[in-house]
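K.L.:
For the protein sequence lines, the chains are A and B, in the order given.
Numbers 1136 to 1305, taken from the working numbering, label the letters of the first sequence in order.
Numbers 4 to 86, taken from the working numbering, label the letters of the second sequence in order.
It is worth saying that the hints were derived from the structure and are not from the lab.
Keep in mind that the hints are not guaranteed to be accurate.
Claimed, not checked - When the alpha-carbon atoms are kept at most 30 Å apart in a straight line, the in silico DSS-like pairs for lysine-lysine are as follows:
1. A:Lys1231 with B:Lys63
2. A:Lys1251 with B:Lys64
3. A:Lys1252 with B:Lys44
4. B:Lys64 with A:Lys1239
5. A:Lys1251 with A:Lys1239
6. A:Lys1239 with A:Lys1299
7. A:Lys1258 with B:Lys72
8. A:Lys1233 with B:Lys63
9. A:Lys1231 with A:Lys1241
10. B:Lys55 with B:Lys43
11. B:Lys44 with B:Lys63
12. A:Lys1231 with B:Lys75
13. B:Lys44 with A:Lys1219
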Amino acid sequence: MFESFFRGLFKLFFLGFVLLMAVLVIAAVVAAIVKNGWFFFGLILAAPFSHIFLRKISKKLDIELPEILLCSVADVYSALFEGKREIEEFEDLAKKNKREIEQKIKTLQEKVEAIKKEYQNLKNKRVRKTLLSKPKISVRMKKAMESILANPKWTDLLENDEEKWGEYLL
Amino acid sequence: MLEFLGGIVIGLIFGSIFLMFLAILISWIMSEVNARILEKKRKEYNRYVERKHREFLNLKKEYLKYKNKLSKLISKTEGAENV
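If we strip away everything but chain A, and leave its shape as in the complex, we get:
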């Protein structure tokens, strides 16, 4: 308990310190911009055209500058989407799996309801009496046995589910 309390306190202090530092840095930058307003205005205005200028210069002087130095605003913009694709891929896969899982649960629920109903029906003494009174096993009984007890699709679903559920975890 104490450990988690101190950990929380440390986290709070650390976050406060980082926040304070960030505020100080931003204040320093703002002060520098205010003090040298025109200089920074020119700098910000020219920076987006820097890569064009550097390309031209390197062509004229026949020097090859590394691509990383020729950074444009588009590169800065594309940096905003770093790691977004992984999230989208994950979400697509999760959505597909969720749909499959929901379908599986729904099928099982239906089967449970069906077997429950079947059992309750056959448990009913009157129904059993009627069935027993007939010379041969009834069509209904045969149907119940075939559809519920010996359905290979259903048996597969029950037996192979453990492996499948492991695959769903991401």
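For chain A, the structure is supplied; the task is to place chain B on it using the hints.
P.N.:
Frame of chain A, contents of chain B only:
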């Protein structure tokens, strides 16, 4: 005016490097943020799968219970019928 021109010259020469650092910083921050989001989503999803798996197991247990009961009932009925 001189300050403004100085800013433009320095911006033209070093602006690209400044943008490069900015891009690196932004991409680092975004990858960190998105990695956390992905981890959170993954945990949430795995919890969902585990919850559904438990639900599935409970349903399976119930199904097997009724299947056994039904089998017993059918065999009992069949036995009685044969007699």
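K.L.:
Would you mind marking each hint as holding or not holding in the structure?
P.N.:
Hints, one by one, checked against the model:
1. A:Lys1231 with B:Lys63: Holds, at roughly 23 Å.
2. A:Lys1251 with B:Lys64: Within the cut-off at roughly 13 Å; holds.
3. A:Lys1252 with B:Lys44: Given pair Lys1252 (chain A), Lys44 (chain B) is violated - Cα atoms ~39 Å apart, limit 30 Å.
4. B:Lys64 with A:Lys1239: holds, 15 Å
5. A:Lys1251 with A:Lys1239: holds, 18 Å
6. A:Lys1239 with A:Lys1299: The hint holds at about 11 Å.
7. A:Lys1258 with B:Lys72: holds, 10 Å
8. A:Lys1233 with B:Lys63: Status holds; Cα separation ~19 Å.
9. A:Lys1231 with A:Lys1241: holds, 16 Å
10. B:Lys55 with B:Lys43: It holds: about 18 Å lies between the C-alpha atoms, which stays within 30 Å.
11. B:Lys44 with B:Lys63: holds, 28 Å
12. A:Lys1231 with B:Lys75: With a Cα-Cα distance of about 39 Å, the restraint between Lys1231 (chain A) and Lys75 (chain B) is violated, given a limit of 30 Å.
13. B:Lys44 with A:Lys1219: It holds: about 13 Å lies between the C-alpha atoms, which stays within 30 Å.
Checked against the numbered hints above, the structure violates hints 3, 12; every other hint is satisfied.
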